[in-house]
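Build out the structure end to end from the sequences listed, making use of the hints.
Order-wise, the sequence lines are chains A, B, C, D, E and F. Position one of the first sequence corresponds to residue 1 (our numbering), numbered consecutively onward. Position one of the second sequence corresponds to residue 1 (our numbering), numbered consecutively onward. Position one of the third sequence corresponds to residue 1 (our numbering), numbered consecutively onward. Position one of the fourth sequence corresponds to residue 1 (our numbering), numbered consecutively onward. Position one of the fifth sequence corresponds to residue 1 (our numbering), numbered consecutively onward. Position one of the sixth sequence corresponds to residue 1 (our numbering), numbered consecutively onward.
Treat the hints as calculated values from the structure; they're not laboratory data. The reader is advised that the hints may include incorrect statements.
Copies of the same chain look alike in the list, so a pair counts if it works inside one copy or between any two.
[Said to hold, decoys possible] No farther apart than 20 Å at their CA atoms in a straight line, the calculated lysine to any residue pairs in the SDA-like style are these:
#, residue 1, residue 2
1, Lys19, Val82
2, Lys48, Gly99
3, Lys125, Glu140
4, Lys91, Thr114
5, Lys93, Leu146
6, Lys91, Thr123
7, Lys91, Thr112
8, Lys93, Gly83
9, Lys132, Ser79
10, Lys125, Lys148
11, Lys148, Pro117
12, Lys93, Glu113
13, Lys19, Asn74
14, Lys19, Ile78
15, Lys19, Gly53
16, Lys125, Asn88
17, Lys91, Gln131
18, Lys19, Val94
19, Lys115, Gln131
20, Lys19, Thr50
21, Lys125, Phe52
22, Lys19, Glu107
23, Lys48, Asp24
24, Lys93, Thr112
There are 6 protein chains.
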Amino acid sequence: MRPRYFEEYNIGDKFTTQKRTITDTDITLMVSLCQYAHPMFVDEEFAKTTVFGRRILPGVLTVSFMQGLTESANAWDISGVVGMVGLNNAKFKVPVMAGDTINVEVETVAKTETKRPDRGLVTFKQTCKNQKDEVVVEAELILMILRKP
Amino acid sequence: MRPRYFEEYNIGDKFTTQKRTITDTDITLMVSLCQYAHPMFVDEEFAKTTVFGRRILPGVLTVSFMQGLTESANAWDISGVVGMVGLNNAKFKVPVMAGDTINVEVETVAKTETKRPDRGLVTFKQTCKNQKDEVVVEAELILMILRKP
Amino acid sequence: MRPRYFEEYNIGDKFTTQKRTITDTDITLMVSLCQYAHPMFVDEEFAKTTVFGRRILPGVLTVSFMQGLTESANAWDISGVVGMVGLNNAKFKVPVMAGDTINVEVETVAKTETKRPDRGLVTFKQTCKNQKDEVVVEAELILMILRKP
Amino acid sequence: MRPRYFEEYNIGDKFTTQKRTITDTDITLMVSLCQYAHPMFVDEEFAKTTVFGRRILPGVLTVSFMQGLTESANAWDISGVVGMVGLNNAKFKVPVMAGDTINVEVETVAKTETKRPDRGLVTFKQTCKNQKDEVVVEAELILMILRKP
Amino acid sequence: MRPRYFEEYNIGDKFTTQKRTITDTDITLMVSLCQYAHPMFVDEEFAKTTVFGRRILPGVLTVSFMQGLTESANAWDISGVVGMVGLNNAKFKVPVMAGDTINVEVETVAKTETKRPDRGLVTFKQTCKNQKDEVVVEAELILMILRKP
Amino acid sequence: MRPRYFEEYNIGDKFTTQKRTITDTDITLMVSLCQYAHPMFVDEEFAKTTVFGRRILPGVLTVSFMQGLTESANAWDISGVVGMVGLNNAKFKVPVMAGDTINVEVETVAKTETKRPDRGLVTFKQTCKNQKDEVVVEAELILMILRKP
Chain A
1 MRPRYFEEYN IGDKFTTQKR TITDTDITLM VSLCQYAHPM FVDEEFAKTT
51 VFGRRILPGV LTVSFMQGLT ESANAWDISG VVGMVGLNNA KFKVPVMAGD
101 TINVEVETVA KTETKRPDRG LVTFKQTCKN QKDEVVVEAE LILMILRKP
Chain B
1 MRPRYFEEYN IGDKFTTQKR TITDTDITLM VSLCQYAHPM FVDEEFAKTT
51 VFGRRILPGV LTVSFMQGLT ESANAWDISG VVGMVGLNNA KFKVPVMAGD
101 TINVEVETVA KTETKRPDRG LVTFKQTCKN QKDEVVVEAE LILMILRKP
Chain C
1 MRPRYFEEYN IGDKFTTQKR TITDTDITLM VSLCQYAHPM FVDEEFAKTT
51 VFGRRILPGV LTVSFMQGLT ESANAWDISG VVGMVGLNNA KFKVPVMAGD
101 TINVEVETVA KTETKRPDRG LVTFKQTCKN QKDEVVVEAE LILMILRKP
Chain D
1 MRPRYFEEYN IGDKFTTQKR TITDTDITLM VSLCQYAHPM FVDEEFAKTT
51 VFGRRILPGV LTVSFMQGLT ESANAWDISG VVGMVGLNNA KFKVPVMAGD
101 TINVEVETVA KTETKRPDRG LVTFKQTCKN QKDEVVVEAE LILMILRKP
Chain E
1 MRPRYFEEYN IGDKFTTQKR TITDTDITLM VSLCQYAHPM FVDEEFAKTT
51 VFGRRILPGV LTVSFMQGLT ESANAWDISG VVGMVGLNNA KFKVPVMAGD
101 TINVEVETVA KTETKRPDRG LVTFKQTCKN QKDEVVVEAE LILMILRKP
Chain F
1 MRPRYFEEYN IGDKFTTQKR TITDTDITLM VSLCQYAHPM FVDEEFAKTT
51 VFGRRILPGV LTVSFMQGLT ESANAWDISG VVGMVGLNNA KFKVPVMAGD
101 TINVEVETVA KTETKRPDRG LVTFKQTCKN QKDEVVVEAE LILMILRKP
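This is the structure in structure tokens:
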């Protein structure tokens with residue numbers, strides 16, 4: 001099978017990923033492995049005193065779930081993706097907590113040629129929503145993708 | 001103890017975090033929990049055919065370790081931090097693999113007042129380096145921090 | 001100490017394993033590592049719309065707990081077991097959810113000699129029950145076991 | 001989107017899943033959670049004395065990876081799958097060790113109507129191979145799948 | 001930066017660590033990795049019949065959290081610590097369960113010179129408390145610490 | 001089945017546990033969950049500069065594996081154990097690293113009656129050895145055990 005090439009991405013293309021429920025296991029394990037230290041992530045007694053009332057998933061980990069959900073989306077063929085080049089304008093709007101179920105809307109918003117004739121850059125706008133249809137995080141992802149030979 | 005306030009952050013302030021070795025356990029667990037699907041992350045036989053020669057840590061997970069190392073840095077008092085507002089200009093330069101040891105240089109690069117008189121935004125430039133002193137990821141982090149009452 | 005030999009297994013022998021409570025950590029971690037994708041396992045909002053009302057443990061993972069509980073049963077001496085040869089007639093009757101406590105009744109149901117004079121095959125019927133005494137999974141396990149020298 | 005119905009499965013249909021490298025993290029974590037006790041799985045010094053020379057992944061866990069890889073295969077639309085009914089004739093031929101990369105060939109081998117007019121059973125033959133193209137495990141999986149309304 | 005030397009520890013010095021909420025993920029994972037077998041740790045139905053009413057964290061794992069919280073305390077500079085030599089008089093008073101939030105009060109209670117002129121032993125009394133201010137575990141920790149050159 | 005009572009423990013009784021290989025997964029996960037911060041546990045570059053040459057398992061986690069191996073020992077019936085009361089005289093002699101295989105020799109060394117006529121205290125001397133037959137940790141464990149009615 002041939003990969004999906006840069007030329008086959010069109011500005012305005014959209015797809016939506018599957019959904020995943022974030023569990024307390026996700027939060028505990030990844031907060032611990034990454035050594036997050038803010039009490040909002042590790043101290044439930046502190047978290048009870050905040051507006052959120054519970055420990056939350058660190059924002060960058062929400063972005064990490066967004067990438068994973070995007071990569072594993074049935075609606076997307078990642079076969080031409082060479083690597084991630086950049087991440088821009090991530091905006092953290094609503095925190096994700098244990099029990100929340102999220103998915104991501106992905107839209108192709110820009111295409112850029114590079115010096116290398118065999119690769120181009122595609123920018124995707126990602127909008128992550130929870131089960132209440134609230135936008136939790138927005139981000140722009142820049143991927144390097146193979147061009148047609 | 002009183003928190004470290006917005007007013008006490010100065011542009012040009014710098015500190016360096018402790019170091020952490022990224023293990024295959026980190027990669028396997030977090031790639032799996034976040035459902036990363038690209039063969040670069042889950043298929044060692046594929047990875048052997050790439051310029052890197054081995055499975056790598058997804059870039060956003062490197063950014064996640066950067067936040068965790070920053071939060072738990074002995075050199076930084078996070079007591080006034082209310083939350084993360086944004087993440088900008090993340091540039092992925094060198095991949096992180098199992099066995100690499102990383103730390104982060106953090107510099108205060110901008111301060112912005114907000115409508116709320118009790119909080120301000122501070123932008124930090126993060127430069128993550130590996131054990132060969134290569135810059136692996138750069139990113140800008142915007143945190144909301146308490147102002148003096 | 002000498003191993004427990006093929007000759008020492010008798011058809012009709014029975015024992016019961018210890019019990020283990022299946023936790024959300026078990027489900028989240030193993031579903032993620034094995035890359036189960038059905039929303040029944042990863043999407044709590046979907047699961048709420050089903051007859052079960054909650055995410056469940058994939059059936060094969062219940063079988064995996066059944067083998068582990070069987071191996072670590074105080075009532076069984078596994079010292080003569082060389083390896084697993086087959087698994088037959090697994091029937092999935094009731095799903096296992098976080099908070100359920102399971103154990104396994106194990107009965108020796110068949111013995112077969114092989115071409116190799118130093119080993120034989122023993123078939124065990126496993127019946128896994130939950131805390132309500134419901135049969136959740138039945139399976140037949142075929143193990144290769146050392147024969148007396 | 002409508003689900004893929006029972007009527008749309010044809011005997012002889014085949015697809016192949018993505019690949020996944022089994023890591024020592026997979027083995028350690030799942031062996032521990034499931035309480036496997038045989039020294040082949042937990043005692044490297046014992047394992048060195050066997051023909052395999054190293055700790056191995058328990059066979060049922062290989063079957064679990066086979067289901068996960070099957071569910072998350074790009075080539076398969078699981079939208080009509082209601083649940084797993086049975087698992088038959090699993091044969092364990094070659095053990096899987098840390099560093100092995102596996103995938104699964106899946107073939108539709110039987111279709112059975114049931115009393116319920118809205119569901120049917122489909123049997124899939126799964127053949128799991130490692131990076132040396134050796135067959136490691138074969139199994140037959142019976143799924144309940146929605147029928148056309 | 002120079003390390004904090006043996007000579008800089010004074011009997012009667014005290015500090016308090018940050019707090020950490022113990023989760024069911026902590027209990028399930030560490031109980032499984034360490035192979036704890038008592039039903040108090042793995043069988044919720046049994047645990048319901050005890051005075052505690054729920055599975056608990058094994059006492060030695062509470063001590064392990066106590067060491068980790070002590071090492072990562074903002075209030076303590078561990079730079080001169082060479083290693084742990086002993087652990088004494090651990091007393092288990094109240095069990096820790098999922099959802100409890102603990103921290104540790106650490107007091108320097110003894111200093112001992114050794115034959116090696118470059119190292120000394122410092123004994124710390126650790127008192128671990130939960131969110132109800134109950135003492136859950138006490139222990140004495142003996143660390144080897146660098147002396148001034 | 002009736003529990004094994006206090007009266008059935010005899011000073012001088014000995015047994016040896018099964019063996020377990022400590023993996024890098026064990027070290028990474030438990031060090032992270034417990035927040036151990038010393039570079040000996042999280043920074044491989046630092047560890048290379050020490051006499052050990054590699055990251056090690058924190059001593060208290062070795063003690064935790066010792067308890068788990070003791071509880072799950074085939075040679076020991078824990079049915080009468082009510083709880084752990086104390087841990088004394090733990091001496092850390094040789095560090096445990098990834099790949100080491102440990103087991104524990106357990107000897108009954110003291111029995112003490114308590115005010116409660118239905119329970120007594122039994123002290124066990126635990127000697128943990130690695131695959132080179134080196135003593136890595138010694139400790140004394142005090143358990144509360146049911147007395148005969």
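- Which of the numbered hints above does this structure break? Hints 9, 10, 19, 21 not satisfied by this model.
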